[in-house]
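Student: The chain contents come next:
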Amino acid sequence: MSERPLDRGLNNIAKIVSDMADLAVDTVKASLSAYLEGGDIEIQIRAWSDSLRSMENDVEEMAVELIARHQPVATDLRAIKSSMKIAYDLSRFGRYAYDISHVLQLLDGYSVGDSDNRFVKEMGDKVMSMLHLAVEIYKMKEFSKVDELSKKENEVDDMYRKRLRNMAQSPPEKAAVLISEVLLTRHLERIADHACYIVEEVHYMVYGRPIYIR
Amino acid sequence: MLKMQLAKQTSVNTQMLEPNGIREKHKIRTEELNAWFGKNHVLKDISMMIREYAITAIIGPSGCGKSTLIRCFNRMHELVPSARVSGTVLLDGRNIYDRGVDPVLVRRIVGMVFQKPNPFPTMSVYDNVAAGLKLNGISRRKDLDEVVRQSLEQAGLWDEVKNDLDKSGASLSGGQQQRLCIARTLAVQPQIMLMDEPCSALDPIATAKIEQLMITLKKRYTLVIVTHNMQQAARVSDNTAFLYLGRLVEYSETSRFFENPSDPLTEKYITGKFG
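Quick mapping for you: the protein sequence lines, in order, are chains A and Y.
Going by the working numbering, the residue at position 136 of the first sequence is 136; the numbering climbs one at a time, nothing skipped.
Basically the working numbering = 1-based index in the second sequence + 1000.
A few of these clues could be false.
Ranges between beta-carbon positions, derived for each pair [claimed, not checked]:
no. : chain 1 : residue 1 : chain 2 : residue 2 : range
1   : A       : Arg4      : Y       : Gln1212   : 45 to 55 Å
2   : A       : Lys139    : Y       : Thr1216   : 45 to 55 Å
3   : A       : Ala47     : Y       : Ile1215   : 44 to 54 Å
4   : A       : Glu61     : Y       : Pro1264   : 30 to 40 Å
5   : A       : Asp26     : Y       : Arg1247   : 48 to 58 Å
Below, simulated BS3-like cross-link-like pairs (lysine-lysine); rule was C-alpha separation at most 25 Å, straight line [claimed, not checked]:
no. : chain 1 : residue 1 : chain 2 : residue 2
6   : Y       : Lys1209   : Y       : Lys1116
7   : Y       : Lys1116   : Y       : Lys1273
8   : Y       : Lys1273   : A       : Lys139
9   : A       : Lys141    : Y       : Lys1162
10  : A       : Lys139    : Y       : Lys1268
11  : A       : Lys85     : A       : Lys152
12  : A       : Lys141    : Y       : Lys1273
13  : A       : Lys151    : A       : Lys85
14  : A       : Lys141    : A       : Lys152
15  : A       : Lys29     : A       : Lys121
16  : A       : Lys85     : A       : Lys139
17  : A       : Lys141    : A       : Lys29
18  : A       : Lys85     : A       : Lys145
19  : Y       : Lys1209   : Y       : Lys1162
20  : A       : Lys81     : Y       : Lys1268
21  : Y       : Lys1219   : Y       : Lys1209
22  : A       : Lys162    : A       : Lys151
23  : A       : Lys139    : A       : Lys152
24  : A       : Lys151    : A       : Lys126
25  : A       : Lys15     : Y       : Lys1268
26  : A       : Lys139    : A       : Lys81
27  : A       : Lys15     : Y       : Lys1273
28  : Y       : Lys1167   : Y       : Lys1142
29  : Y       : Lys1273   : A       : Lys81
What the hints contain is simulated information worked out from the structure, not anything from laboratory work.
Don't be surprised by glycine CBs; every beta carbon is placed ideally from N, CA and C.
Construct all of the structure, not just a fragment, from the sequences and the given hints.
Tutor: Right under this line is the structure:
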């Protein structure tokens, strides 16, 4: 069977989403490193975040054009719909990464230098591993690691809730540290959610029925 | 119970018989329907139900048996020399192929609209619609006037022709001619309308009018359309059946059919990956 006119468009969308996935992982990783280890890369993160947003727009425009030109159905239609949603999720990674890179600047003038970052690092590592899993599942369209992702999602949620409760009991003089950590963990928790959304969309794309990971 | 028995008898799953998976009133039910042209076996063990007051679309590649299937629904298939049918077609529970059933009556109850608009070329708009009534013995002008007006209104054509009822039916545009044919079918008060590629000869505007008309008509009639235009099936139908090489491959609710078909053959056909 020769390539259909629709295939070229679908392949182009898949390529952009795949590139977005790689860029999104790099962006979140860089913003976390900057938070934990220091480094002024807010401008760079902003640029990557803007790129992700722009690529999401490209996917949306190409998707609408494919729908208008080809009236796709079945797997083709699902691929387009899911690609649009996955592109949105990946774009959100860029935005959260930018927000993470912005946290310390928001608290400029307040000391957060004495904060214990072990918790953030632990949660960040877990969320990064979820991101890698989601991207792997997207690229391979293979679902054997969905349970692993779901387990990590539950762990991230637990960590987030427990940490919030702990922070509520912290002394007021540590407000700046607490605020930065609350913001950061909130962004991480949202990134974990979007990693799950991606896999849910990939499942719908492949099988035409939903799966709920969270 | 009946559903289970039928499924057992025909070895066809109930989803195929009842596309929505729930019991709804069905106007037509076929059981192991087979059809031949001479030695050519064109329909093979078709068991399906056609929902009342709904639009059922039948799609499939050329020669798969779509037109033959709907022609079996009103016994038009047997008009072709060498054509033969086995199995049953139940209309409201009664087999239309039973001995003693008048095929002319069946064709009045199960009307048909064809691919190419075919108004009687020498007749006026009025006479085209009234022709079937006259054949059925209705001759009072007042009665004819009323049915002609109602039929043209139902076909969405009245406002366009009410001042030109004496004009030749052949003088209308293609889309108007097709609606005239629909009005002609409606005039004899059918319960079911079979439409064999009713828009394939029409432009997009005329097609849109016919499609809108179908949706209006399903409130009062049961519609079955054969179409090569999958977008049309997706736009107007409630349930869609896919035929291939004379067999019913898949039959389901239209939204599911086009979003997530269950048979790989259906998937290939509707996505254009066939062959």
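Student: So, for every hint listed, does it hold in this structure?
Tutor: Tested hints:
1. A:Arg4 <-> Y:Gln1212: 45 to 55 Å: Violated: the Cβ-Cβ distance is about 31 Å, outside 45 to 55 Å.
2. A:Lys139 <-> Y:Thr1216: 45 to 55 Å: holds, 48 Å
3. A:Ala47 <-> Y:Ile1215: 44 to 54 Å: Given about 51 Å between the Cβ atoms, the range holds.
4. A:Glu61 <-> Y:Pro1264: 30 to 40 Å: holds, 31 Å
5. A:Asp26 <-> Y:Arg1247: 48 to 58 Å: holds, 52 Å
6. Y:Lys1209 <-> Y:Lys1116: holds, 16 Å
7. Y:Lys1116 <-> Y:Lys1273: At roughly 29 Å apart (the allowed maximum being 25 Å), Lys1273 (chain Y) and Lys1116 (chain Y) break the hint.
8. Y:Lys1273 <-> A:Lys139: holds, 23 Å
9. A:Lys141 <-> Y:Lys1162: Measuring from Cα to Cα gives roughly 61 Å; hence the hint is violated.
10. A:Lys139 <-> Y:Lys1268: holds, 23 Å
11. A:Lys85 <-> A:Lys152: Since the Cα atoms of Lys85 (chain A) and Lys152 (chain A) sit roughly 22 Å apart, the hinted pair holds (cutoff 25 Å).
12. A:Lys141 <-> Y:Lys1273: holds, 20 Å
13. A:Lys151 <-> A:Lys85: holds, 23 Å
14. A:Lys141 <-> A:Lys152: holds, 19 Å
15. A:Lys29 <-> A:Lys121: Satisfied, since the Cα-Cα distance of roughly 11 Å is no more than 25 Å.
16. A:Lys85 <-> A:Lys139: holds, 15 Å
17. A:Lys141 <-> A:Lys29: Between Lys141 (chain A) and Lys29 (chain A) the Cα gap is close to 23 Å, so the pair holds against 25 Å.
18. A:Lys85 <-> A:Lys145: Given that 25 Å is the threshold and the Cα spacing comes to 21 Å, the pair holds.
19. Y:Lys1209 <-> Y:Lys1162: holds, 18 Å
20. A:Lys81 <-> Y:Lys1268: holds, 19 Å
21. Y:Lys1219 <-> Y:Lys1209: Roughly 16 Å separates the two Cα atoms, so the pair holds.
22. A:Lys162 <-> A:Lys151: holds, 17 Å
23. A:Lys139 <-> A:Lys152: holds, 20 Å
24. A:Lys151 <-> A:Lys126: Holds, because 11 Å separates the two Cα atoms, which is no more than 25 Å.
25. A:Lys15 <-> Y:Lys1268: Holds, because 23 Å separates the two Cα atoms, which is no more than 25 Å.
26. A:Lys139 <-> A:Lys81: holds, 16 Å
27. A:Lys15 <-> Y:Lys1273: holds, 21 Å
28. Y:Lys1167 <-> Y:Lys1142: Cα-Cα ~20 Å, so holds.
29. Y:Lys1273 <-> A:Lys81: Holds, at about 20 Å.
Comparing the model with each numbered hint stated earlier shows that hints 1, 7, 9 do not hold.
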